[in-house]
Amino acid sequence: MDIFMNLTLSGLSTGMMIFLLASGLSLIFGLMGVLNFAHGSIFMWGAYSGVWIYFRTQSFSLAILAGMIMGMALGWLAERTIIRRVYGRHVSQILLTTGLMLVLNEVLKAVFGPNIIAVPIPPLLAGSWELGGIIIVKYRVFTISVGLLVAAAVHFILTRTRVGMIVRAGVQNQEMVQVLGINIRQVFSLVFMFGAGLAALGGVMMAPAIGSINPNMGLENQMLAFIVVVIGGMGSILGSALASVLVGLAGVYTAWFLPEAALAVNVLFMTIVLLIKPSGLFGMGGGHNS
Amino acid sequence: MILQLTQVQTFIDQFHILQDVSFEVPQGEVTVILGRNGAGKTTTLRTIMGLTPPSGGSVKFMGEQLNCLSPYAIARKGIGFVPEDQGIFSSLTVEENLSLAMLKKDEATKARLRFVLDIFPDLEYKLRQKSDGLSGGQKQMLAIGRAFVNDNRLLLIDEPSKGLAPILVEKLAQAIKEIKQHTTVVLVEQNFALASAVGERYVIIDDGHTVHQGLMSQLLQDRELQGRYLGITAIPRHGKVV
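Residue numbers (the working numbering), protein chains in the order written: chain Y, 1 to 290; chain G, 291 to 532.
So that you can see chain Y by itself, here it is in the shape it has in the complex (with noise of 0.2 Å):
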């Protein structure tokens, strides 16, 4: 029992932070239509930039504020000098996101060094509580939270304001959403911002989780995080974070039962969402229209 609990609790937080990268990725993907490959690089540059000033103020607040500005700010960036010329040229935006991938990881080494660094989980987040006879680690229960909150909030701002409205009406059909007078290149650069921010987010988060952080970071989890949009369909959040919920469970109980197949169980699941429901579980399909 305190097995089945603890690979549940387990799952949660892992499928929570692989929420954080996918709801970004599934957000830019389904408004935009953009294909991006750097989003797991982004993923780690957040992660990085955290743990950089975490060691220096040792304030994890401090470090998750970091990470996500230094997520936004690359976004922003992206979005700006390379993302804006390639809408709707899927091959191009592989090519180009796949370089700009290439380039954020050997920078991230040149600046960083291309070692593992072991992360401490913050000594206010460290040790764990006991509830009859199961240990919960209170660690993930912060990750669960977070995850909780950001799929909330993010749920609220689709659902209950204007931009969300955009947003919506925006995977659906930009040109009517243009025509509106609705200035829709300024969304999507909020979105591709707000998406990395996201990203940059779970990569902090996940830096303590795993204890320590290392160059191919991105690159392994911005696999599980495409599987994740995939399954739980492009736009959707609610779709992304269910989906996420099942990456992460499926991923902890076959790596303890059956280890070398932890990540061909996804694939797996992910193909037969695919010839199942192509467009993912809560796909709202695509405009990508402009």
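Note that these hints are calculated values from the structure, not bench results. This structure is a prediction, so every number in the text was calculated from the model and none was measured. Yeah, the Cβ is synthetic: ideal placement off N, Cα and C, and Gly gets one too. Mixed in with the good hints there might be a few duds.
Stated by the list, open to error - Computed beta-carbon distance windows for the label pairs:
(1) V265(Y) / A401(G): 56 to 62 Å
(2) S380(G) / E106(Y): 41 to 47 Å
(3) I210(Y) / F301(G): 53 to 59 Å
(4) D396(G) / V265(Y): 51 to 57 Å
(5) G328(G) / N214(Y): 58 to 64 Å
(6) K277(Y) / D396(G): 42 to 48 Å
(7) F301(G) / R162(Y): 31 to 37 Å
(8) K350(G) / V107(Y): 15 to 21 Å
(9) E130(Y) / Y415(G): 21 to 27 Å
Claimed, not checked - Chain G is nowhere near these chain Y residues, computed Cβ spacing over 10 Å in every case:
(10) N105
(11) G132
(12) M165
(13) Q178
(14) S212
(15) F269
Since chain Y is already given, all that's left is putting chain G on it; use the hints.
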């Protein structure tokens, strides 16, 4: 004149769709663009909106050149557009569709929303419903209402009667007559009965060129012109739109 098109040319990819389109739209009237399928009517509206920007000639709205503006900037000048496919956001409610178009939340906008709900009462009953559950006619009402609810001085409406039952076309004609009391309308319409019932002026586009324009009352008398460019062999009873 609220709108002036002068020798407008538009390409879509390598195709030269509009080759020489020129006409003027007087304020406060309904001008109907007529012509056969593929003549360039829809492209003309999309060119005015900047969705397929002109490669030559000029489009002026209230004396201001629109050629180099993006669609959202053109819309903000006070031009509303109802596309042929209505462009309804099905994942949004009826209320959200209307609200999205309201660039201001002032009293005048609220009054226009009230007007829209008065002329299209079906929308009021379905305000909180997702718009994918609307019938074809209700979607058309929503599309027109959405274009009107903003402070637009000109409405471009593309084939509003397409796919609608005759009874709904009658309602639509009535709604357009009420809307034209408040704003200028440019209407693309294949249904000549509807066009002649609501339009004061006409423009005929053929193969990307403006070939005729004038008063609708003149066109109604000119059976030869109707036959040549519109393929009409019998004049509909005036005022009856079905």
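Structure-based check of each hint:
no.	hint	result
1	V265(Y) / A401(G): 56 to 62 Å	holds, 59 Å
2	S380(G) / E106(Y): 41 to 47 Å	holds, 44 Å
3	I210(Y) / F301(G): 53 to 59 Å	holds, 54 Å
4	D396(G) / V265(Y): 51 to 57 Å	holds, 56 Å
5	G328(G) / N214(Y): 58 to 64 Å	holds, 60 Å
6	K277(Y) / D396(G): 42 to 48 Å	holds, 44 Å
7	F301(G) / R162(Y): 31 to 37 Å	holds, 36 Å
8	K350(G) / V107(Y): 15 to 21 Å	violated, 50 Å
9	E130(Y) / Y415(G): 21 to 27 Å	violated, 57 Å
10	N105	holds, 35 Å
11	G132	holds, 44 Å
12	M165	violated, 5 Å
13	Q178	violated, 4 Å
14	S212	holds, 41 Å
15	F269	holds, 26 Å
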